[in-house]
Amino acid sequence: MNHRKAVSFSGLTLALGAASQTEARGNALPIGVFDSGVGGLTVLKQLQRQLPQESFVYFGDTANVPYGGRSGAELLGFTQRILDWMQALPVKMAVMACNTSSAVTLEQVRHAYSFPILGLILPAAKAAARQGTRIGLIATQATVDSQCYLRALQEIKGDLAVFQVACPEFVPLIEQGKLECQETREIVQARLQPLIEARIDTLIYGCTHYPHLSRVIQAALPEGVSLIDPALHIAQAAAQELHLLRLQTSATERKKKSKVAYFVSGCPERFADQTFQLTGQRPSVVQVPAPQPQASKDVIVH
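Basically the numbering used here = 1-based index in the sequence shown + 143.
Don't take each hint at face value.
[To be verified] If you anchor each label on the Cβ, the simulated ranges turn out as follows:
| # | residue 1 | residue 2 | range |
| --- | --- | --- | --- |
| 1 | Arg358 | Ala304 | 22 to 30 Å |
| 2 | Arg224 | Arg277 | 36 to 44 Å |
| 3 | Leu387 | Ala333 | 38 to 46 Å |
[To be verified] List time: in silico SDA-like cross-link candidates among lysine to any residue, alpha-carbon distance up to 20 Å:
| # | residue 1 | residue 2 |
| --- | --- | --- |
| 4 | Lys300 | Ala363 |
| 5 | Lys321 | Gln361 |
| 6 | Lys188 | Ala415 |
| 7 | Lys321 | Ser357 |
| 8 | Lys321 | Arg425 |
| 9 | Lys321 | Thr422 |
| 10 | Lys402 | Leu194 |
| 11 | Lys402 | Val429 |
| 12 | Lys188 | Val368 |
| 13 | Lys402 | Asn170 |
| 14 | Lys321 | Leu194 |
| 15 | Lys300 | Leu265 |
| 16 | Lys402 | Glu250 |
| 17 | Lys188 | Gly423 |
| 18 | Lys300 | His376 |
| 19 | Lys300 | Leu370 |
| 20 | Lys300 | Gly275 |
| 21 | Lys188 | Ser357 |
| 22 | Lys402 | Gln379 |
| 23 | Lys321 | Ala363 |
| 24 | Lys188 | Ala382 |
| 25 | Lys402 | Thr422 |
| 26 | Lys188 | Asp416 |
| 27 | Lys188 | Glu318 |
| 28 | Lys269 | Glu250 |
| 29 | Lys321 | Arg358 |
| 30 | Lys188 | Ala270 |
| 31 | Lys402 | Gln230 |
| 32 | Lys188 | Glu340 |
| 33 | Lys269 | Val368 |
What the hints contain is simulated information worked out from the structure, not anything from laboratory work. Note that CB positions come from ideal geometry on N, CA and C, so glycine has one too.
Given these sequences and hints, build the entire structure.
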C-alpha cells in the first residue's frame with residue numbers, strides 16, 4: 144500500500160503529473176471534487192469519463208461522515224473550510240459531489256470564491272423532469288428537509304408530482320461496506336415502499352452514495368422506473384461550464400492522462416479499502432487535518 148502519513152495544509156504539495164508549479168497555472172489547474180466520504184467517487188468517475196484530459200483533487204471529509212444529520216451551520220462550516228483549502232491549492236473549479244452540501248450550502252458559497260462552484264441539484268432535477276411526471280427522491284434527511292429538489296422540480300415543470308423519502312441508514316451501510324447483505328435489502332425495501340405505492344415513474348438518487356446500492360435498489364423497484372444519477376448530469380454540466388469559461392486544459396496538456404490526488408480528513412487506509420471495494424482500485428490517500436484558509440499554494444499530484 145502507498146498510504147502517506149498525515150500532513151499539514153501549510154506544507155501540502157499536490158503533484159500535477161510531471162508539471163512544475165509554474166506550469167500548473169490557469170487551465171492546467173485541477174478540478175476540486177468533495178464529499179463527506181466515498182459517495183463522491185460516483186461523481187469523480189463520471190467527471191473522468193466526460194473530461195479525460197483533466198486532473199482532479201478529491202477530498203472526502205471522512206472524519207465528519209455522514210453529513211445527512213448535520214445542522215445547516217455545521218454543513219456551511221465544513222463546506223467553507225474545504226473550499227478555502229481548495230482555493231489555496233488552487234483549483235480552477237469545484238464540484239460539490241454531495242447532495243446535502245449542494246442542497247444546504249451552495250447558494251451561500253457559490254459567489255464567495257474565485258472559481259466556479261457546481262452543485263448537483265439543478266442538473267439532476269432537469270434530467271428527472273425530462274424523464275417522467277411522478278418523481279421519487281431518496282436522499283439524506285438534510286436534503287429532504289431543505290426541499291431544494293421539490294422547488295427545483297416545480298420551477299422547471301409545475302405539474303410534476305414529487306414524492307420524497309429520507310434514507311438515513313443508506314450512507315452508514317455503504318460506508319461500512321454492506322452493499323448487498325440481507326439487512327441492506329430489507330432496509331432498502333422498507334424505504335422504497337412508500338414510493339412504490341405512490342407509483343413513481345422516475346427515481347432520483349438524491350445522495351451520491353446511493354448508486355453504490357444500485358443493484359439492491361433496482362431489484363426492489365417495479366420494472367419501468369427510470370433512475371436518475373446526478374453524477375452523470377453534473378459531469379455534463381461541468382464540461383459545459385469549462386467550455387463556456389474557456390477553462391479546459393490546453394491542447395498541449397490534453398496528451399497527459401487524467402490524474403487524481405485523494406485526500407481525507409479521517410483514516411486514509413479505511414478510505415483506500417472502501418475505494419477498492421467499490422471500484423477495484425486502491426488509491427494513494429493523504430490524510431489532512433481540517434482545512435485551513437491559509438493553506439500553501441504550492442501544489443504537486445502523485
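Need the list of violated hint numbers for this structure, in ascending order.
The structure conflicts with hints 4, 12, 14, 16, 32, although it agrees with all the remaining ones.
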